[in-house]
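Student: Those sequence lines, one after another, are chains A and B.
Every letter in the first sequence is one number past the one before it in my numbering, and letter 209, counting from 1, is 209.
In my numbering, each residue's number is its place in the second sequence (first place is 1) plus 1000.
Since the hints were made in silico from the structure, they are not lab data.
Treat each hint with caution, since some may be false.
[To be verified] Derived pair list, reagent style DMTMM-like, types lysine to aspartate or glutamate, alpha-carbon separation capped at 20 Å: (1) B:Lys1291 to A:Asp74; (2) B:Lys1044 to A:Glu82; (3) A:Lys41 to A:Glu82; (4) A:Lys87 to A:Glu112; (5) A:Lys211 to A:Glu197; (6) B:Lys1248 to B:Glu1010; (7) B:Lys1036 to A:Glu179; (8) B:Lys1207 to B:Glu1258; (9) B:Lys1044 to A:Asp74; (10) A:Lys41 to A:Glu112; (11) A:Lys85 to A:Glu112; (12) B:Lys1076 to B:Asp1086; (13) B:Lys1046 to A:Glu197; (14) B:Lys1138 to B:Asp1241; (15) B:Lys1017 to B:Glu1032; (16) B:Lys1038 to A:Glu197; (17) B:Lys1058 to A:Asp74; (18) B:Lys1295 to A:Asp161; (19) B:Lys1036 to B:Glu1054; (20) B:Lys1160 to B:Glu1303; (21) B:Lys1065 to B:Glu1290; (22) B:Lys1044 to A:Asp60; (23) B:Lys1036 to A:Glu172; (24) B:Lys1036 to B:Glu1002; (25) B:Lys1036 to A:Glu197; (26) B:Lys1092 to B:Asp1241; (27) A:Lys78 to B:Asp1086; (28) B:Lys1160 to B:Glu1032; (29) A:Lys169 to A:Asp157; (30) B:Lys1058 to B:Glu1032; (31) B:Lys1046 to A:Asp157.
[Stated by the list, open to error] Far from chain A by the CB rule (all over 12 Å, computed), these chain B residues: (32) Thr1051; (33) Lys1058; (34) Tyr1079; (35) Gly1155; (36) Lys1160.
[Unchecked claim] With the Cβ distance kept under 7 Å, some of the chain A side facing chain B (calculated, not the full set): (37) Met13; (38) Lys78; (39) Val162; (40) Ser200.
Heads up, the beta-carbon is just placed ideally off N, CA and C, and yes, glycines get one too.
Listed below, chain by chain, are the residues.
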Amino acid sequence: MPLSIFDVAGPIMVGPSSSHTAGACKIGQIARALFRGTPKKAKFYLYGSFATVYQGHATDKALLAGVMKMWTSDPNLKNSFEIAKKKGIEFHFIPITHHTEHHPNTVRIILEKGKHKLSVVGSSIGGGNVKITHINNVPLDLDMVAGRFFSIIIGHDNKPDVLKPLLKKLREWHCPISETQTFAVGGTHAVSMMNLEGISLKLPQVLELEKTESIQFVRALTKLPT
Amino acid sequence: MEYQFLNCAELLALCHKHKQPISQIAIRREMEFFRKTKTWVRNKMKGVRNTMWEAIQKGLQNANKSQYGLTGGDAKKIYAGLGKMDKMFHSKVAIRAMAYAVATTEQNARMGRIVAFPTAGGSGTIPGVLFSTAQHMKSSKRRMLNALFTAAAIGIAVIKHGGTFSAARAGCQAEVGLATAMAAAGLTEMRGGTPEQCVNAAALALKNMLGLACDPLGGLVEVPCVKRNAFGVTHAIAASDLSMLGVKSFVPMDEVVEAMMNIASRMNEGIRETALGGLAITATGLKVREKMGLKPMPKRYLEWKKK
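Chain B extracted, bound-state conformation (with noise of 0.2 Å):
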């Protein structure tokens, strides 16, 4: 297995081995682990663009509440921001990347179609990020395939070296946290970045991430999930640039995933998408669970309120 690689460094190494980009040696081992043709990888990678695309334009134009009203019309409203430039502080990039991001995990609160890239909760923000910035450079279509890819490759690497995307196990930084890291690393790469400024981007965007708690509403991916990936979006691009700029991450990328793995080993289970710690049981959070009628929440959950 030649194009073979278990963490960050060596996917590192093999680029300069074979003196390509990240995108290119993701292709090249999808080719070799499953006997693919070039053609069909990218094809199939292709049905993930559209489908995202897709998904992007649904959920800016449905402004529909989700099923228990916690979300839903945000898209449509941020989107509008671009109209107003002059009084917003953050660029226009940035901007429709956040819109692009809510669109997609509106939709997905609404049972939309959509690619749980990495999972259905942290699904906005590599379209967010990759689509409105390709939009910003002009990128061909292919520059931008290539970003999905590498931000896949990325994805490998974390779950070779024993990170999770489950925040059953990780908590939200397994989600959003990864989610952000794939989407700056691609964005990097995009933007005409080497390798080690991919990766580079990918750790300082993780590190930054590190401990972000599962704690959603009901249970429904819906409060804090969907607004959380608007701000990783605006992560994702600040990482990049830092990266672009030179800045450094000091810890390297793979001992970051270490890092995460070691918080997640900490973190208590009630902040682990169970719903029964942090935000899912604060007044508000309890509201949505009656409403939703569930079971009320069990005493010695909220007894730490007493102490």
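So that you can see chain A by itself, here it is in the shape it has in the complex (with noise of 0.2 Å):
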């Protein structure tokens, strides 16, 4: 993808740091979309540079807003503890120093409600783009960039042309769509990633997409059925 002026002149967002701030919250979204609905319970494994540096950078509370689905230049985001608990998510942030394997800004999400249970490894790799790399234990490879886009999920079939009928809707709704990354997971499955700019979708418009062929699920960034 080219060089955009406004990578340069931008993100819009919270300080004070653009990796530690509005990466961490940007896979905070990314892993509640994907979880469906509010989380009872939240659990952040930090790795690297997250473990040593997450209070001084708010990390902690960037990526807690990120599951509370704040946007990444939302002013609430340095009061996402007292949101959380009053929303009654129970919340812990575990470092782990002694943890090589992993890019210096990690960390592992896992949210719970009930028997519900998803986990999600991310990176953010500097100027707030961040990339997916495990999925439930699925290993994977999405990139994101905080700040600038609306990003939606895609879960799918892995077949060809099953995004076609999705993309034309999109078309019809007028939305620029930036960039597609498609992710094959085991051999039946798919996840796709689109970065919309300047629009964003509506939660009827959403499930509207959902009722597509072969697609199993679409997920917004920040709004999302609760």
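Put the two chains together into one complex; each comes in its own frame, and the hints tell you how they fit.
Tutor: Right under this line is the structure:
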């Protein structure tokens, strides 16, 4: 993807650090989007520099804010602990310092609600760019940018042209798609990620997309059915 | 790709070919690459400008300290200096620009909303310079917007020429240093300079920021980042003044960027955003570390003193 002037003049975000705050919030949003609804319990295992400097850069608050579907530019992000307590979400941060397997800024998020459980591993690779490396211990490789795009995640069958009707619908709604990535999970399933620019989908639209054939789920990163 | 440019020399060639200032080339590049209308690109930049102005306003009114109490309240003090200009040696523009820059970075340290232009650590310099000088020259909003486009275009040329904005790779010269260069170019265009003068101002500004280490206390984006933005502002204004007076940078901008990356490759890892060297391991820096509850500094980083 070519470099945009808004990669230089941006993103619009809440401080203090683009990789430790904005990127962390984005990883939280992705985990929440894949989870469906508000979790009762959230555990964050922090690796590398996330483990050593997370308090100073508010990485913990940003991660939790992401799990509660806040935007990276939401000024309420610094109050995320109180908001989580009000919502009755239990949260734990576990720094793991003696681990060298992952990128320096990595977090493993485990969300739980009753029997429903999800784990996501993501790395913040600088300037608000994040990478998702595992979903439920299935390795994959998705890149995302914090603050600039509105992203949707689509789970679908691993067949060619599955996304065509969906793309057609998005075109009808005049949603500009700036990037699409697909990653095969196992043999039969695939996960795709789309970045929409300058527009966000409303809940009925997301639900309508989900009705398309051979598509298992569609998740919009910040506006989700709760 | 007609408006493609990979370094500052190509950017200047494009400006000559189309007889347009740098900002227009940047807008046309964005329109061509992402198939957007001019209005869309300008509106998006207006959003950036408004967020910057909001951050400045909030930062000037808010005198609270940051979470660990390292910074906060200085913007208000500097802004109050505008009331006693007879006792100051800097011009009103420079004092106000410093106040704006510190206001933005303090707002960043306090977890307020800012634009990471180019990064969160160097976010104060560009709004500081451009808003203060625009108020002084009574520039129209359109010229102010164009200055932002010019600054962003210089940033793109630097990245495409092999530069970086990451302090983890190149130290503070890549954050505040490049922000200063971009601000100098934007300011020069706003005051009516030619494209050559803009790039020349950027080269002058960046040359003087080469070799700057990133050594924040406790790894927090607060000390020395906040005040470094204030000094970056005066640098940018000085570089723009020199360029408008006809002073030429002997080394062209592209070569200065190469020099920056050469210095980056020779920089010790301890002074590249790891908080293991420089100011971070002074007695004060170690106290901050203790206060934050971080692990004590590994001994091998403190051994240099004994030699």
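Student: Taking the numbered hints from earlier one at a time, note which ones the structure violates and give those numbers from smallest to largest.
Tutor: Hint check: 1, 2, 5, 18, 19, 20, 22, 27, 30, 31, 32, 33, 35, 36, 39, 40 fail, others pass.
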